[in-house]
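Visitor: The residues making up each chain are set out below.
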Amino acid sequence: MATGIKDKVAILGMGCSKFGERWDASPEDLMLEAYNEAMADAGITPEQLGAAWYSTHMEDVGTGRGGTPMSIALRLPNIGVTRVENFCAGGSEAVRAAVYAVAAGACDIALALGVEKLKDTGYGGLPMAQVGTYIPQWYPNAVAPANFAQLASAYRTKHGIDAALLKRAISHVSIKSHANGAKNPKAHLQKPITEEQCMKAPIIAAPLGLFDCCGVSDGAAAVVVTTPEIARALGKTDLVTFKALQLAVSNGWELQSSQWDGSYVHTARIAAKKAYQEAGIRDPRKELSMTEVHDCFSITELVTMEDLGLSGEGQAVRDVLDGVFDADGEVPCQIDGGLKCFGHPVGASGIRMLYEIYLQLQGRAGPRQLADPKTGLIHNLGGQPSQNVCSISIVGLEGA
Amino acid sequence: MIGITGFGGYLPRLRLSRQAVAQANAWYAPNFAGRKGTRSMANWDEDSITMAVAAARDCLGPAEDRQHVRAVFLASDTLPFAERLNAGIVAGALTLADDIDALDMGGSQRAALSAVVQAVARVQSGAGDVLVLAADDRKTRAASPQELDYGDAAAALLIGRDKVLAEFLGAGTLSVDFVDHFRATGEDVDYHWEERWVRDEGIGKLMPRAVTAALQQAGVNAAQVDHFIFPSSFAKMDAQLAKACGIRAEAVVDALLDRVGDSGLPHGLLLLAHVLERAQPGQVIVVSQFGSGAQALVFRVTDAIASFQPARGVGEWLARGAEERNYTKFLAFKGQLQLERGMRGEQDKKTALSTAWRHHTALLGLVAGRCEVTGSVHFPPSRLSYDLGSPLQDTQKPYKLADRSAKILSWSAEYLSYHPAPPHHYGQIDFDGGGRILMDFTDLDVGEVDSGTAMEMVFRVKDVDERRGFTRYFWKATPVRAASVNP
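These protein sequences, in sequence, are chains R and B. Residue numbers for the first sequence follow the working numbering, beginning at 1 and rising by one. Residue numbers for the second sequence follow the working numbering, beginning at 1001 and rising by one.
Think of the hints as simulated: they come from the structure by calculation, not from any bench. Positions of the beta carbon are idealized from the N, C-alpha and C atoms, including for glycine.
Below, a list of computed lysine-lysine pairs in the DSS-like style, where the Cα atoms sit at most 25 Å apart: (1) R:K158 to B:K1407; (2) R:K119 to B:K1349; (3) B:K1036 to B:K1329.
Now the in silico label distances, taken between C-beta atoms and shown as ranges: (4) B:S1144 to R:E59: 42 to 52 Å; (5) R:G124 to B:G1335: 26 to 36 Å; (6) B:G1128 to R:R65: 50 to 60 Å; (7) B:L1337 to R:G122: 19 to 29 Å; (8) B:P1391 to R:R65: 23 to 33 Å; (9) B:A1322 to R:I72: 52 to 62 Å; (10) R:Q315 to B:R1278: 57 to 67 Å; (11) B:D1098 to R:G312: 46 to 56 Å; (12) R:G124 to B:A1097: 45 to 55 Å.
Isolated chain R, as found in the complex (with noise of 0.2 Å):
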C-alpha cells in the first residue's frame, strides 16, 4: 500500500538565475547560476550530490539531448544525470524523479535543475514544434496561444458568460501577476501594467491579447533534496518538505471523444484530487496559503481555479474580479509574478515555481513576502488543453 511521499523529503536548497532576455548567458551560464546560488543555499560540495535529473525542453534551440549538457555545464563528480522532458512540466518532472529517489534510499542527496534557452531562436515566441511524421499531415500548425485560447470560447460558452467580462476578468489575472512581478528582482517583466493597456493590447489569439500571454524567457532553477533527518544533521532547521507530488497525462479522451466540453483541464482535476488526499488537505481555499500555477495565458489560470477546487464551477470568473487571488487575496496566486512575469523558461518554470513557495515558507521573499504561510501548491502544466501532463505538488512547513 503506497503511503505517499508526505514528509519524506526536504528542501536542502534552491537556487534561481535571473530570468528574462538573457542575450548575454549561454543555458550553461543559466544553468551555473542557478546551482550556484543552490549549492551554497544548501552548503554542500558537489561530491555529496547522489544523482541529479535535468529538465529541458527545446533540445533544438537549448543545450542538445541526453545527460551530458548538465554533467558538463556543471562539472558534476560523474554522477547520475538524467534528462526528463515532459512539456512544460519537465521541471516538476525532475524534482519528483530527485525526490522520490532521496525517498526511496537510492541516494541521500539529489539535484534537480531545469533550464531553458528561448532566446536564441530569432523572434518573439516559441519555436514552431515538430511533432511526429503523422501529426502534421491533418492537426493544425498550431500554436500554444490558440491551444489555451480555446479554453476562453468552450467556458464562456458553457458558462454563459459575456465575452466582454471575460476579457475583463482575464485581464485582472494578468494585472495582478504584473503586480506582484514588479517586486521581484529575478522576474522578467517588472513593470505594473492597467486594465485599459491589456484590454487593448493587439490580439495574438482571440480573445488573448499580448498581456494575456506569459513571458518567453531565458532561466534556470535548481533544487537540492534530501531527507529531514539529513537535513537537519547538516543544521538547517524550519524544513520545508514534500506533502505530495502528482502527475496525471493525457490519453486522448479530451481530444477524440465528445465528452470533454473544452472548458477545464481534465488530468489537473485528476491530479489535484489525488494531491489532496496524498497531502491530507481537505479544503484547500482554507488550508493553501498560496498557489504557483502554470499561468502560461491568462485563460489557463482563470479555469485552473476552478480545477483545483479555489474557486466553484463557473465562480472564477468573479473570485478573480473580487480579488481572492490577488496577493492581498485569500489565497494568493503568482505572488513572485508567475510564467507571465517572471516568465516561463520551458524547462525550468516547475522549479522557479517550487523556489518561490520555498522562499515564502522560509520567510525570504523580501517585498513580496506573505504572512505566515504554511502550505502552498504547484500547478505546473505541459502541452495544451486537449493533450497534456498536469503536475501538481505540494509543499509546506515540516509538520504544517
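Let chain R serve as the given structure and place chain B on it in line with the hints.
Guide: Coordinates of chain B only, in the frame set by chain R:
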C-alpha cells in the same frame, strides 16, 4: 440509354472585384478601367484537385456507398502533380473503391468534353458509372486581360446507364494544331495570339464543323437546340457561333462571365451542370468548346431530370460568393506576390510518404474508426478505443466523417504563426453521432464563428512543401452557409 446520371459544380467562395483589380493597376494598365463584375478566385488552399473533389461531392451527394462509380476521369490543364495520379488523390478523398480506373486528362480546353466521350465509350463497354471531373485554377500575369477574364471553377458529371437525366446523342470532334494560346510544361501562364485571328480563322471556321458533326450524329436539327453552350471570353462569340450553326439566338446559354469569369477547361461542364438544374424533359443541349481543335456534345433531357438535384448546384455556389476587393490577396494566393512570412514561415513541410500511405484512408477520406462495442468514434482511427472506461482493442470499424453534420466546441484565431490567410482559425469540431477533430477552419471571416457554429467538411490543401514541390491535403471545417445575397 447512356448519358448523364448526375451532375454538380463548384465555385470558390471568393469573387474578385474586377474594379478593384483595375483600380490597383490603373497606373500601369488604364485600359481596364471600365471592367465590371467579379471573377471567381480560389482560396490559398484550393487547387484543381480540391475543387474537383468539391464538384464531385456536389454531384454524388453524401452517399455512404459509392461502389457504383467504377472510373474517375479528372480533366484539368492545371493539375498540381505532373507525376502522381491527381485523379487518385480525388478518388481517395471521395472514398471510391480501390479497384477503379482513375485517369488524369488535359492538354486543351476541350479535354473535359473528350473525357465525357471516353466515359460514354467506357460505359458502353463495361459495367458501372464513370465520374467525369473538370477543374482549373489558372495563373495569369498581373495587369493582363486574362487576370480579369479567367475564373476558377470545377464541374462534375456522372455518366452511366441507370436513371439517365440527359441522354448522350452524339459528338463532333476536330483535333488540329490551331494554337490560339499555349503554355509550355513548367510555365505558369498562357501565351496568346491575336484575338481577331482566333475569332475568324479558329473559332469561326473550326467550331461550326464540330457542332454540325455532333448534331448530325445526334440526328438533331440545329433549330431544335434549346440550350447552346460555348464558353468564350470574346464578346458575343457564342451568339455568332450559334448563328453560324443555325441555332436559335435564345438558346445561347449565359456563360456567367460577369460573375465567374471563364474558368477554361471546366467551363463547358460547369455551364452544362447549371443548365441541367433548370432543363425540362425533351430539351436538347449542345455543349461545345474550342482548343487544339473543336468539340461538341449533344444531349437530350429525359423525364428523370426532376428526380435529381445536386447537393448545392451551380446556382447555389453562385449565390454564396463573397466579394473580394483585396487585389494583393489574389496575387498572394496565386503565388505572384511574395509576402514576408517571418521566421515561423521557415518551417520544413516535408511529408513522410510512408506515413501518408499507412494512414491514407484517414488522411484522404476522413475515415475515422467507430468502436463496435461502445459506438465511440475515434479520429485518427486506432487499435485501442477508449471511452472513460477500459480500453477496448481492435473493435473499430471504418466510419466516414466527411458528410456528417458538425459544430464547433472551441476555437481561436491566431496571428502568431505564418499562415497564408491570417488569422489562422482552428478549433475542436464535434461530429453528430460522435467523433472529434481539432482541425483547421477555412473560407470564413473574422467574427463569423463561435462555439456551437454549424460547420461542414471541405477537402483542402493542408501544406505545401515548396522545397520539394509536394502538396499535402486534408480536410478543414467551414461554416455551413446559406446563400448570401451578394454578389
